[in-house]
Every structure is written in structure tokens, then in C-alpha cells.
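Chemist: Those protein sequence lines, which keep their order, are chains A and B. Sequential numbering from 915 applies to the first sequence in this note's numbering. Sequential numbering from -15 applies to the second sequence in this note's numbering.
Calculated directly from the structure, the hints in this document are not laboratory data. Computed from a predicted model, the values in this text were never measured in an experiment. All C-beta atoms, glycine included, are put in the ideal place defined by N, C-alpha and C. Hints are all accurate, no fakes.
Anything over 10 Å on all C-beta distances counts as not near chain B; from chain A, calculated:
1. Y952
2. E953
3. L955
4. V959
5. K960
6. K961
7. E963
8. A964
9. H965
10. V966
11. K970
Which residues of chain B face chain A? A partial, calculated answer using Cβ under 7 Å:
12. W33
13. V60
14. I89
15. G96
16. F97
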Amino acid sequence: MRRLAIILLTPLLFMGCSMIEEVKPWEKETLAEEIMQYEGLHPEVKKFEAHVYFSKEASRGGNGVAGGGCGCN
Amino acid sequence: MLKKTIYALCFSTISLMALDKGDAVPQNIQDQLNLDSNKTYVIDFFASWCKSCKKELPLISKVYNDKLVEVVGVNVDKKKKDGEEFVKKFELPFRVIYDSDKTFIKAFDPVGFPALYYVRDGKIVNAIFGAVDNIDEQIAKDLKDLK
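Chain A extracted, bound-state conformation (with noise of 0.2 Å):
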């Protein structure tokens, strides 16, 4: 009987791990906030950080996704 019971209750003790409540799609109030956007709520101040990184260090890259094509840059 007691190794019945351990055998059934592992597995829900491990259940109890995936019981964490995910976000609805309908509960992203506050994620859809302009504070929350990756750059804050200026993303023209990260554009201008950014410009300043570069020119300082003169390296550029490496913090986000390039254009791709024409190799102009």
C-alpha cells in the first residue's frame, strides 16, 4: 500500500512543477506598457546611445539584427 502511494504521488509531486500560471494573451496589460519596450520610453535616446557606443569605440555590431543586402554600410 505505502509503495502504491509513492508511486502515485511522485509523479503529481513533479506535476506540482508545471503549476506555475503562464500569462494569458488577454492578461499582457501591463507588458503592452511603453515602459516595458526594450529601448524605454524613448527609443530615440537608445538610437543616439548606440550612435555614441559606436563612435567612441569605432566598432559597430553586435547589438541587434543587421540589414541585409547591398553591403553599402
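Put chain B on the given structure of chain A with help from the hints.
Modeler: For chain B alone, coordinates are given in the frame of chain A:
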């Protein structure tokens, strides 16, 4: 005692199932949404914070309401006031229900947002999740297919 514990644990892990195409809308939800069995309803779940909704709602507003088809908006903003301001701003011409306590959205449990359901005779006959370009044309096409 052991049996009771096992049953309790099993049932506590079963979550409510989302409504999908072919499923019947629970009668209490139908009653609260005031759905008539003779009509086809386009039920659109939206919120003021949803950017795709802002794009779609003016187009959904164009959908023709008649004796057989009715558009019903369900606003899921936490604060009803936000929803009311949003509806006022967009001058939505259809009936809007405020679902601040999430009764309706939890019952439908859509996998994406915005969510649009076609309900006929108390059953979900089709559903669209997420943003769709030219949603008005899509709705017109879907309604035509449903006839």
C-alpha cells in the same frame, strides 16, 4: 484518506478547457451576452492597451449589422473607465460589454489576442486569433462562407 488526497491532487491540476470551433458557449455566458439563437454573432474581444485592436476596430466597425448578423465587442480592460474612454474615442457603433472581472474572456480562453469568434445557435462556428490585415474583408468572407 489516501484516496481522497490523490483525487484532490488530480482534480486540482486539471485546468478549464478553452472554447474552440464546434464548442457550445455555456448557457450562462450566452444569457449574459444576450445572444439570440436566430442570429450569427461576431464577438470581438479587445482592450485599450492592444495595438492590433486599435488597428482592427475601425475596420470591424464597418461590418454590417442586420437582422441576421450582429457584432458584439467585449472589452477586457482591468479598469472599466479605460475601456469606456477607448470605446468613446473610436466611436464604436456596436454593442460593447465590459468584462473587467474577466468572466467572458476566461470562459472563451482564447489562445491569442485580439480574439474574434463567430457564434451561431450557441456554438462557435469559427474563430480568428491575433491581428489580421483587412479584418473587415475577412469577416465579410467568413460570414459569406457561413451562409
